[in-house]
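> Going left to right, the sequence shown walks through residues 106 to 229 as the working numbering numbers them.
Since the hints were derived computationally from the structure, they do not count as laboratory data.
It is possible that part of the hints are untrue.
Stated by the list, open to error - Label-pair ranges, simulated between beta-carbon atoms: (1) P136 x E216: 29 to 39 Å; (2) D108 x L170: 31 to 41 Å; (3) G182 x L217: 31 to 41 Å; (4) K167 x K119: 17 to 27 Å; (5) V135 x N166: 30 to 40 Å; (6) K119 x G182: 17 to 27 Å.
All C-beta atoms, glycine included, are put in the ideal place defined by N, C-alpha and C.
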Amino acid sequence: MTDDVKRFFHNIRKRVAGLNCIIITDRDGVPLMKVGDDKSLGMIMKPSFHTTFTMATEQSNKLGLGRNRNIISVYTGYQVVQMNKLPLLVTFIGTESCNIGHILALDQQIELVLDEVKVAVTET
106 MTDDVKRFFH NIRKRVAGLN CIIITDRDGV PLMKVGDDKS LGMIMKPSFH
156 TTFTMATEQS NKLGLGRNRN IISVYTGYQV VQMNKLPLLV TFIGTESCNI
206 GHILALDQQI ELVLDEVKVA VTET
């Protein structure tokens, strides 16, 4: 990934209070980039967690409500926002007090930044 993409996500992490980590993976859960502290996140760091999102998204698309774009999960001690940017998955992990609305408001900016990464992933 280019330095611009990394810099963009580092800046997001700094701007959003309580945001611990951002992980970009492909749809199979293979990590492409990590920004922040991911050492204490256990299960969320495993590829199986990320592939479960893909399966849940595909199932929710069958509800007839349109394409699922995000899944928000709240656990004991932290929150997870997963954005569907196929062929990529962007996962934000924050504390209980992290402002999820702030993360969701960045959706269009994130889409633009990831365009070149999507092309690279699709070509391989």
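> Take the hints in turn and mark each one as holding or not.
For each hint, the structure was consulted:
Distance hint for P136 and E216: a CB-CB separation of about 20 Å, inconsistent with the stated range 29 to 39 Å. At roughly 38 Å, the beta-carbon separation of D108 and L170 lies within the given 31 to 41 Å, and the hint holds. Checked against the hint of 31 to 41 Å, the pair G182 and L217 passes, with Cβ atoms roughly 32 Å apart. A C-beta distance of roughly 38 Å is found between K167 and K119, which places it outside the suggested range of 17 to 27 Å.
Here the CB-CB span from V135 to N166 is close to 22 Å, at odds with the stated 30 to 40 Å. At about 21 Å, the CB distance of K119 to G182 agrees with the hint of 17 to 27 Å.
Violated hints for the displayed structure, listed by number in ascending order: 1, 4 and 5.
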